[in-house]
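Undergrad: Numbered per full-length UniProt numbering, the sequence shown spans residues 1 to 172.
Treat the hints with care, since some could be wrong.
[Said to hold, decoys possible] Beta-carbon label-pair distances, calculated as ranges:
id, residue 1, residue 2, range
1, Asp95, Lys123, 17 to 23 Å
2, Pro49, Arg22, 31 to 37 Å
3, Ala156, Gly53, 58 to 64 Å
4, Gly124, Asp147, 19 to 25 Å
5, Leu41, Ala73, 43 to 49 Å
6, Gln72, Leu4, 52 to 58 Å
7, Glu70, Gly148, 42 to 48 Å
8, Glu140, Leu64, 34 to 40 Å
9, Ala96, Ala73, 36 to 42 Å
10, Gln80, Ser151, 45 to 51 Å
11, Arg65, Leu4, 48 to 54 Å
None of these hints come from the bench; they were simulated from the model. A quick note: this is a predicted structure, and the numbers were derived from the prediction, not measured. For every residue, glycine included, the Cβ atom is placed at its ideal position computed from N, Cα and C.
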Amino acid sequence: MSKLNDIFKDGRATAAAFWGERTEQERRFLAVGGIVVALGLVYGLLVDPALTGRDKLRKELPVLRQEAAELQALASQVAQLSAQPPAPSAPLSRDALNAALTAQGLVPQNLVMTGEYIKVEFKGVPFAALVTWLDAARRENRVVVQDGTISGQDTAGMVDAALTLRQAAGSR
Numbered sequence: 001m002s003k004l005n006d007i008f009k010d011g012r013a014t015a016a017a018f019w020g021e022r023t024e025q026e027r028r029f030l031a032v033g034g035i036v037v038a039l040g041l042v043y044g045l046l047v048d049p050a051l052t053g054r055d056k057l058r059k060e061l062p063v064l065r066q067e068a069a070e071l072q073a074l075a076s077q078v079a080q081l082s083a084q085p086p087a088p089s090a091p092l093s094r095d096a097l098n099a100a101l102t103a104q105g106l107v108p109q110n111l112v113m114t115g116e117y118i119k120v121e122f123k124g125v126p127f128a129a130l131v132t133w134l135d136a137a138r139r140e141n142r143v144v145v146q147d148g149t150i151s152g153q154d155t156a157g158m159v160d161a162a163l164t165l166r167q168a169a170g171s172r
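Go ahead and model the full structure; you've got the sequences and the hints to work with.
TA: The following block contains the structure:
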C-alpha cells in the first residue's frame, strides 16, 4: 500500500511541477482543453450510446411487440389444437403397405396382416431403407414396432429383419 502511495505522491509532485512551470495563459488553455476533452469523453462514453440505444429501441419495440403478439396467438392455437383429439388414421391396407415398401425398394419375404397387427419378414434388405420406411410408416400411418429382430449380414448395410407392427389407434 505504501508503494502505491509513493507512486501517487510522485505523480502528483510531477504534475504540480509541470503546472507551476506554465504561464497563466497556458494554464487557461490547458484547463479549457482538459474540460473539452472530459466533456467529449463523457458524451462519447455515456451520453451518445444511451441516446443511440434509446432510438434503436424506439424503432425496434413495435416490431418486437408485434412478434410477441404473434407468438401468443400461435401459443393459444397450439393449446387449442393439442386439446383436440388426433384425427384417426385410416386402417392400413395390404396394398398400401406393399406400395410403401416398394417405394423404398423393399421386398418382404413374408407379409401377414391380422387385425391391427402386421407381421413382416425381410431377407437381405438395406438397413437404411428399412429404417426410412419404418419412420415414414410411423409418421404417416401411426405404425409402431411391437416386436422386432434385426440381424446383420456379411454384406455391409444389409440385414435380415422380422418385425411385428401395430397401427396405434390415437397416439402419434
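Undergrad: Look at each hint and say if it fits the structure.
TA: Hint by hint, here is what the structure shows:
Asp95 and Lys123 have their C-beta atoms about 22 Å apart, which keeps the hinted 17 to 23 Å range intact. Pro49 and Arg22 have their C-beta atoms about 35 Å apart, which keeps the hinted 31 to 37 Å range intact. Hint check: Ala156 to Gly53, Cβ distance near 59 Å, so the stated range 58 to 64 Å holds. Roughly 21 Å separates the CB atoms of Gly124 and Asp147, a value that falls within the hinted 19 to 25 Å.
Separation of Leu41 from Ala73 is about 47 Å and conforms to the stated range, judged on CB atoms against 43 to 49 Å. For Gln72 paired with Leu4, a C-beta distance near 57 Å keeps the hint of 52 to 58 Å intact. Checked against the hint of 42 to 48 Å, the pair Glu70 and Gly148 passes, with Cβ atoms roughly 43 Å apart. Between Glu140 and Leu64 the Cβ separation comes to about 38 Å, which falls inside the hinted range of 34 to 40 Å.
Distance hint for Ala96 and Ala73: a CB-CB separation of about 37 Å, consistent with the stated range 36 to 42 Å. For the hinted restraint 45 to 51 Å between Gln80 and Ser151, the CB-CB distance of approximately 46 Å keeps it satisfied. At about 52 Å, the beta-carbon gap between Arg65 and Leu4 stays in the expected band of 48 to 54 Å.
In terms of the numbered hints stated before, the structure departs from none.
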